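Okay, here's what each chain looks like letter by letter:
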Amino acid sequence: MADPRFFLRHGPFTLLQIARLSGACVAEGSDGSIVIEDVAPLESAGSKSLSFLANARYLDAFATSKAGACIVSPNHAGRAPPGMHLLFSETPYRAYAHAASAFYPPALPDGLLSVDGFISSSARIGKGSSVAPGAVIAAGASIGPRCAIGANAVIGANVEIGENSSVGALASLSHCIIGKRVTIFPGVRIGQDGFGFDPNPAGFVKVPQLGRVIIHDDVEIGANTTIDRGAGPDTVIGEGCRIDNLVQIGHNVQMGRGCVIVAQVGISGSTRLGDFVMVGGQAAVLGHIGVGHGAQIAGQSGVIKDVAAGARIGGTPAMPIRQWHRQTATLARLARKRRAADE
Amino acid sequence: MADPRFFLRHGPFTLLQIARLSGACVAEGSDGSIVIEDVAPLESAGSKSLSFLANARYLDAFATSKAGACIVSPNHAGRAPPGMHLLFSETPYRAYAHAASAFYPPALPDGLLSVDGFISSSARIGKGSSVAPGAVIAAGASIGPRCAIGANAVIGANVEIGENSSVGALASLSHCIIGKRVTIFPGVRIGQDGFGFDPNPAGFVKVPQLGRVIIHDDVEIGANTTIDRGAGPDTVIGEGCRIDNLVQIGHNVQMGRGCVIVAQVGISGSTRLGDFVMVGGQAAVLGHIGVGHGAQIAGQSGVIKDVAAGARIGGTPAMPIRQWHRQTATLARLARKRRAADE
Amino acid sequence: MADPRFFLRHGPFTLLQIARLSGACVAEGSDGSIVIEDVAPLESAGSKSLSFLANARYLDAFATSKAGACIVSPNHAGRAPPGMHLLFSETPYRAYAHAASAFYPPALPDGLLSVDGFISSSARIGKGSSVAPGAVIAAGASIGPRCAIGANAVIGANVEIGENSSVGALASLSHCIIGKRVTIFPGVRIGQDGFGFDPNPAGFVKVPQLGRVIIHDDVEIGANTTIDRGAGPDTVIGEGCRIDNLVQIGHNVQMGRGCVIVAQVGISGSTRLGDFVMVGGQAAVLGHIGVGHGAQIAGQSGVIKDVAAGARIGGTPAMPIRQWHRQTATLARLARKRRAADE
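Which chain is which? The protein sequence lines are L, V and R, in order.
So for the first sequence, this note's numbering puts the first residue at 209; every next one is plus one.
So for the second sequence, this note's numbering puts the first residue at 209; every next one is plus one.
So for the third sequence, this note's numbering puts the first residue at 209; every next one is plus one.
Just chain L, with the same shape it has in the complex (with noise of 0.2 Å):
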């Protein structure tokens, strides 16, 4: 479910009212009349929970998920694990952004209604931390001992921040829980909307992003960094990650221990690094994929599938680094026969 502290939850719903409200109808041999008390992904989703089968990379959570109820498109219906009631949609994606729109309707931007003057009279802030003039604190963020809040920072409601972390100027955290010893460089973001939405013609249907961004001990992140909140899953820093300027991490990603992340890199959304992963300067990491331990991946490199660990890859697609070279020599000594040629 998703967090009580972060998102308030409406409901509950029948099955038969979900399916109305998103578009899709009841399977034969599911049951309409079900209570429906929340939604959740498809590895964390109970028995009062619905969840959504929209890419097929997920199949085997779903023939293995708990979920009371699930949105599915029928030809997927078959791998169903037994008990599970179904909603059939031919687009379960935009099917569940209106479930879950239903039981999560759009609350304010960075949980900040609740502010009572710069720093909320329910904050609560440790023993020895410093807060800089013009930080906003919202109701209920919990700062531990010995942190620094930079000037003009903004904290949202609830956060957590743990023991002898700082936060730089002009940061804003929301929908987050951060570790110890935690260093945030100034204009970092953390926690927003992830980028979810159903894209059809007719108008884009935003899926809300009822996850959280955890952030381990040890990590440093550099400055205007952008961190989005995860969308059912949390997104997951590891312990002593090291991530520089400008880096875009998306929803759901996780990211292991001791990870590189050089400035400019984007690694889209549910990506799984391994520990020690480094990811140089400007590459990209698409969606939906796994990087195992240890994997380097160059700098401007574009990674389309997953990495082995230990992996070495570079090159747009990425590939084993020698073989990006050797093609790159290759290239070369061909452009430089067809001059010769030409000559």
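It should be emphasised that the hints constitute simulated quantities derived from the structure, not laboratory data.
Since we're looking at a predicted model, the values are computed, not measured.
Where hints are given, some of them may not hold.
Identical copies go unnamed one by one, so any copy, or any two together, can satisfy a pair.
Said to hold, decoys possible - Quick list of in silico lysine to any residue cross-link-like pairs, SDA-like style, CA-CA up to 25 Å:
(1) 256 / 281
(2) 388 / 414
(3) 388 / 310
(4) 414 / 209
(5) 274 / 254
(6) 274 / 285
(7) 513 / 486
(8) 388 / 525
(9) 256 / 334
(10) 545 / 483
(11) 274 / 371
(12) 414 / 313
Given chain L's structure and the hints, the job is docking chains V and R onto it.
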């Protein structure tokens, strides 16, 4: 003319005065005594306005312009429409920079001079709107009903925001008109000067940026994205566009309805996108080109010429996506052959 | 030495004390009892300072350094200048990180500790300057005459800004000296820590960033651009440079006069650009290299080695622009031939 809500105009000047201050000369047959009241782009200039032609791409616009006067290189004079008075210069962009600076001398950034306290007494805040702590709203700004202005956000003088829109924490807006149901995420920069100057070793001459940013209804703009205001024309984001984080939109860009721009894309100045264009992450689109309706541009590609409606392109320089895949496969095969020959 | 306006130095320490706290050992023939007062880069270190050699590119600087002592790998000892005392380490960068941290223990971010209210009583604001609401100006900062500080901007302790400069809304400056007539756009980040640490699986060791950012006169810096302060040397932006939006400038970068850096470019640490270098949008320049005067780098290219003065280069890895075009044409022709053969 430049929107008087955002720009304070000086003058008028005679054409001869402008010639002198801009280092241009009045062409034979043109009348130095006519009074010029303003500068304006070729397309929108009227009989009292001065325009300029600095890029041969705009020769047709020059030939049909209703501008009363125009700064132009002598070798383009033959295309001038009848009745247009001409100033000759070998460096028309620099001459225009000087002329425009006479009408619009440098003002303070953000149009915030007239701020009286955090929220100006002349700002209008619609019913049901909330303004979080630390937000600065300058004189004459108008916020529609049911809007939310985030903590420490900055709304410049005379900016207009339509109903049900939200501005994230620490975002800044100036020289812009924002539609209804627009969502602006934290750290977004809208309306600052475009990257306009005449480059020459003796010192760059800044070109006044006299346009605005127009954001139509139902647009979303991701965290830390930057949208520069127009140089003369406006920068326009069409209805329902979805723009991700850390995107750069140059001055004068015009985007149709329902475009999807993924994170870290850069769109250079004066480029026009049709409706429903999709641009993948980290792609770059050169300035002064057109991208047709429904075109799809792959991530990381570099688009350097016009793109037909419905085209799917990729690579640097960008080409039809199938051609790109074929080239990628061809190079891989040649490198493999070479490797086999080497072994 | 690190600028005492921005960094509080501890010590002194004997060379033996430093050896112990940094995991290095005093080389035979070197004197562990000498007193070291500071750390400094090879080029600027004096007889009371400790330096380090971690990258063979700097062997010449090592051989001519006037540093009193230096941390170095034993196999480079032969190049040490006469009279230099040596600390041996197989991981000199990590050993330096520990030594530098002893002299300069971690301080609060932004040097804002001593802020007393939004505008410190010890800040100096020049005649005719304006400070918009919400701006924070820390202790000892000095703003020249006729400057404009934007709303909610943050100026760190002891920062100096020359006359007629402007700082955009929500920008943050620390550890920097800014010239005259400099224009800093909204959301710019100047002076935060560079991306400096010793990467090793047992946990990264942060390297104190002890330099500053020096911005010369007449520079413009675009929205949301980030410029890290030097690690030991300063990061320097030469007179009249024009830097667009969302650009990343790493620590120790030195840029000559009149450079033009288009949006979303990344320049890695310790790279030096001559005068009037032009870098196209989204290009990346590797660290520790030199780019000659007047060189032009095409958009999206990846520069991985020194560039000669006046060169025009493009591609990844970057090569002379004509060679790049030839390679592009060669590959296109080969793919077409292959396609013809397939049909």
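Measure nothing new, just compare the shortest in-copy and cross-copy C-alpha distances for residue 388 and residue 525 to 25 Å and report within, between, both or neither.
-> This pair counts as neither: shortest intra-copy Cα distance 37 Å, inter-copy 40 Å.
Status of residue 414 relative to residue 388 across identical chains (alpha carbons, at most 25 Å) = between (34 Å within a copy, 16 Å between copies)
Can you give me the call for residue 256 and residue 281, within, between, both or neither, at a CA distance of at most 25 Å?
-> Within one copy only: 21 Å inside, 62 Å across.
Is it within, between, both or neither when you check residue 388 against residue 310 at 25 Å Cα-Cα?
-> For residue 388 and residue 310, the Cα distance is within 25 Å only across copies (22 Å; inside one copy 36 Å).
Within, between, both or neither: residue 274, residue 371 at alpha-carbon 25 Å = For residue 274 and residue 371, neither the intra-copy (37 Å) nor the inter-copy (42 Å) Cα distance is at most 25 Å.
Up to 25 Å CA-CA - residue 285 versus residue 274, copy category = Within one copy, since 15 Å is at most 25 Å while 64 Å is not.
Intra/inter-copy verdict for residue 274 and residue 254 if alpha-carbon distance must be at most 25 Å | within (5 Å within a copy, 68 Å between copies)
At 25 Å max between alpha carbons, let me know whether residue 545 reaches residue 483 within a copy, between copies, both or neither.
-> Result: close neither inside a copy nor across copies, 44 Å intra and 36 Å inter.
Tell me, please, which holds for residue 513 and residue 486 at an alpha-carbon limit of 25 Å: within, between, both or neither?
-> For residue 513 and residue 486, both the intra-copy (16 Å) and inter-copy (21 Å) Cα distances are at most 25 Å.
When no copy is named, should residue 414 and residue 313 be tagged within, between, both, or neither for a Cα gap of at most 25 Å?
-> Within one copy, since 11 Å is at most 25 Å while 43 Å is not.
From the Cα coordinates, with 25 Å as the cut-off, is the pair residue 256 and residue 334 best called within, between, both, or neither?
-> neither (38 Å within a copy, 41 Å between copies)
Intra- versus inter-copy proximity for residue 209 and residue 414 (alpha-carbon distance at most 25 Å) | Answer is within: at 19 Å inside a copy they meet the 25 Å cutoff, but 38 Å across does not.
Hint compliance for this structure: hints 8, 9, 10 and 11 are not met, and every other hint is.
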